[in-house]
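*Asks:* Here is how the chains run, residue by residue.
Number of protein chains: 2
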Amino acid sequence: MPKFMDVHHGMAGITAEQLMEAHNADLAIEKDENVHFESAWADPEAGVVYCLSDAPSAEAVQRIHERAGHRADEVHPVPLSV
Amino acid sequence: MPKFMDVHHGMAGITAEQLMEAHNADLAIEKDENVHFESAWADPEAGVVYCLSDAPSAEAVQRIHERAGHRADEVHPVPLSV
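One line per chain: the protein sequences are W and D, in this order. For any residue, its number in this note's numbering is found by taking its place in the first sequence, counting from 1, and adding 55. For any residue, its number in this note's numbering is found by taking its place in the second sequence, counting from 1, and adding 55.
Take these hints with a grain of salt, some might be off.
Copies of the same chain look alike in the list, so a pair counts if it works inside one copy or between any two.
Quick list of in silico lysine to any residue cross-link-like pairs, SDA-like style, CA-CA up to 20 Å [said to hold, decoys possible]:
no.: 1; residue 1: Lys58; residue 2: Leu107
no.: 2; residue 1: Lys58; residue 2: Ile69
no.: 3; residue 1: Lys58; residue 2: Glu100
no.: 4; residue 1: Lys58; residue 2: Pro132
Calculated directly from the structure, the hints in this document are not laboratory data.
Start from the sequences, fold in the hints, and give me the full structure.
*Replies:* The structure is reproduced here in C-alpha cells:
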C-alpha cells in the first residue's frame, strides 16, 4: 500500500489531547477508504501537523481528513523511505 | 529526547539510492551531536523530503544535516505525537 505524508498548517496551540482526538476521528472512519493513519506529529508553536498514512491514493487520505473535520493543506505520496 | 521533523525542498527526482546515501551520511556522524535520524520519507515528484529524528535541539539536527551536505529548509520540534 502506498505511503503518504500530509501536512496541516494553522494548528498553532494544538494540545496533546486535541491531536489525539483528531487522530481518533480519522481512525474511526479510515476503513471506509482503506486508509490507515499510522502516526502524527505536531509542532504547536509553528502550528504544523504531519500525518503518515498507508492509503490507496492521496484523494482517499484527503476524504477521510475532510470527513473527520480537518482537511489537509498538502498530501504528498512518499514512495521512498528509509 | 525531543523529536524533530525536518523538511528539505528542491529534491525533485531523488532516487531510493540517493535517499539511502543521504540518510547513511547522517547516521555516520549523528552521534557527534547525540542526534538519531529515525526515518526519512521522500516525494520525488514534489521534491520534498521529511526526516524524523530524536535530538537535543533543532540546531543539533541542522549541524548534522549541514555536515552531511544537505542543510534542511525547516526543522520543527514535534513535542506531540500519536
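*Asks:* Are the hints correct? Go through all of them and say.
*Replies:* For each hint, the structure was consulted:
| no. | hint | in the structure |
| --- | --- | --- |
| 1 | Lys58 <-> Leu107 | both (7 Å within a copy, 15 Å between copies) |
| 2 | Lys58 <-> Ile69 | between (25 Å within a copy, 16 Å between copies) |
| 3 | Lys58 <-> Glu100 | between (27 Å within a copy, 14 Å between copies) |
| 4 | Lys58 <-> Pro132 | within (6 Å within a copy, 23 Å between copies) |
Of the numbered hints stated above, none is contradicted by the structure.
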